[in-house]
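Asker: Model the full structure from these sequences, guided by the hints.
Going down the list, the sequences are from chains A and B. Just remember that the working numbering sits 200 ahead of the position in the first sequence, which is counted from 1. Just remember that the working numbering sits 852 ahead of the position in the second sequence, which is counted from 1.
Hints were generated in silico from the structure; no laboratory data involved.
Examples of chain A residues toward chain B, derived with CB under 10 Å:
1. R247
2. R271
3. R275
4. N276
5. I277
6. M279
7. F281
8. Q282
9. S283
10. L286
11. F287
12. A347
13. L356
Some chain A residues flagged as far from chain B (calculated, every beta-carbon gap over 10 Å):
14. P306
15. K309
16. Q453
17. L484
Here are the in silico distance ranges between beta carbons for each label pair:
18. A:D378 with B:R939: 38 to 48 Å
19. B:A863 with A:R304: 57 to 67 Å
20. B:V1026 with A:E227: 32 to 42 Å
All C-beta atoms, glycine included, are put in the ideal place defined by N, C-alpha and C.
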Amino acid sequence: MGFLDIEHLEKFYGTNQVVKDFNLSIEKGEFISFLGPSGCGKTTTLRMVAGFETPTSGRIRINGKDVVDQRPNQRNIGMVFQSYALFPNLTVAQNVAFGLRVARAPKAKIRGRVAEMLAIVGLSEFGARFPFQLSGGQQQRVALARALAVQPQVLLLDEPLSALDAKIRVSLRSEIRDIQKTLGITTIYVTHDQEEALSMSDRIVVMHQGVADQVGTPFEIYNTPKTRFVASFVGTLNQIVATIQDPSTGTLQIGADSVTLGRPLAAKTGTEVGLAIRPEALSLRPQSDGALSLPGRIVAVDFLGSVVRVKVDTGSGVMSLDMFNRPTAPPPVPGEQVALSVAAEDVIVLSDGTAVGQSR
Amino acid sequence: MKVNRFWSWLAIAVGVIYFALPLLGTIEFSLRMRRGEYSLDAYRAVLADPRFHETFGYSVIMAICTIVFGVLLVVPTAYWVRLKMPRLRPLLEFITLLPLVIPPIVIVFGYIRMYNTSSLLPLTGSAMGTNLLLMFGYATLSLPYMYRAVDTGLRAIDVRSLTEAAQSLGAGWVLILARVILPNVLIAVLSGAFLTFAIVIGEFVLAALLNRPAFGPYLQLIGANRAYEPAALAVISFAITWACMGLIQLVTQFSKHTKAPR
Ligand SMILES: Nc1ncnc2c1ncn2[C@@H]1O[C@H](COP(=O)(O)OP(=O)(O)O)[C@@H](O)[C@H]1O
Ligand SMILES: [Mg+2]
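Answerer: Structure follows, in structure tokens:
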């Protein structure tokens, strides 16, 4: 049992099921991301933890205590919103002090704690300002300080960086993660941005149509996606369909070509499986032994600076590959006939339907 | 373009003739109490009348009570409907418009029937009870303005997020209303309050039929019995109403934290 346990959580709006049998156990101090496209139920799940929505069924336990019947103001949960939700009539310091004043903390303690929180988020000089006098990034840092000032059991953030511009988003990302680590606070972070989830989290929950498709570390989620959805949503995976020819040696038919993975597959001959290959795993240069080769024709070349993204039409789908820019070798040109090569262990066999996950 | 200008000016001219001319006439007339020269005699006479002080004082107190009652009634209601029952908003808007459609005389007859001395709740039996009834009546009359003002104020803030932020910080409903919602709609509430004030000061029907010593019936009494004083009183009433409008503008300008943030 973890610090925050979610068991068989379900939510219906009328007949529309928004969250389906959601299970998760979070350790104390862990940073968990809910990652998924808009409308997949991330916010609804988070709001059930916060107490703003009532689950249709299921349990939520924090520190061993069932909180489903507790009102939001009894749960001691910190919440950070996409829209900041700072109280416009209060100064920055008063905003941060709000929760402490509600709890009737002594004046001296409030003052000390507000100063401490503002220092943590780097806004010590801004205590007397009103929210409208701050930039979006600063406002969100105030909101974070306000949520943390009451020392909540759990911190919930719902797309806190979505309203900010790209540069601030990236810097605030690591700032939030640093603060979270320093305070050791158990955190759930909702986002639709895979880069955010991958760079910040201890573990990621990839959600899809109300279901937690896969739970794992960023490394696991990125490198060994379990489902087609996870594979397509996380990273820019190339996906192709193959037919199993010989499960014992891992021989697959892709279009007119036949390749051997050299590892056994759990599905029967003749079944179709989805394969996923990361753009950075593909190469235009012949690789050492054991590599698979697929012929194709270059259809597009995007020069992105340090990386060159090449699109190759293999006949059974367009594959995208990333190669590093090298000053000595000019990028390939569209129209060229090439052979794509990929190491057998970089081919991910997706486990949707009858296929099994790839082992590494 | 030229044609447009012409019609605009014509509209303004008609407006001026329609609104300003009678007002100017009244002001001019109120200054003519002394034969052959302009003077403030009429105003002096009015201000020296103890009944003016009594009735005006009474109406001011009633107005303040009405405002407090109206705020306590409307702010939580409008807030709750916005937060929890947004589908009921059209219904609420309709209900709050009813006082504009139903004449006050209907309301007051209803009150007298319901709360007369032989009823279960004989409010008209005592002066205090009648005052209470009068206040309810005033609150009803000002409801369309108060509700709209408050609802507009609520629209300007993110009611839901602010409520949830406060909740997650441990606040209960009373605290949220008092510390988060009310301060942020204060400007709107104030403009509703000044409108209420103007309505209560000039109201005649309710006060007359409930037989309370309010400013409206006094205006009527003077108007029926004097020549110049009514004109002076009308000008004073006008000035009060306009001062209220001016104050609405002023508080809107002076709010320090509601300047458009983005
Ligand atoms: N109060 C509600 N009433 C009805 N449907 C809702 C409500 N809130 C959310 N939904 C629906 O639930 C689904 C999931 O919403 P949400 O949890 O906000 O998704 P996400 O945060 O992942 O974008 C959406 O299809 C949304 O339309
Ligand atoms: Mg959401």
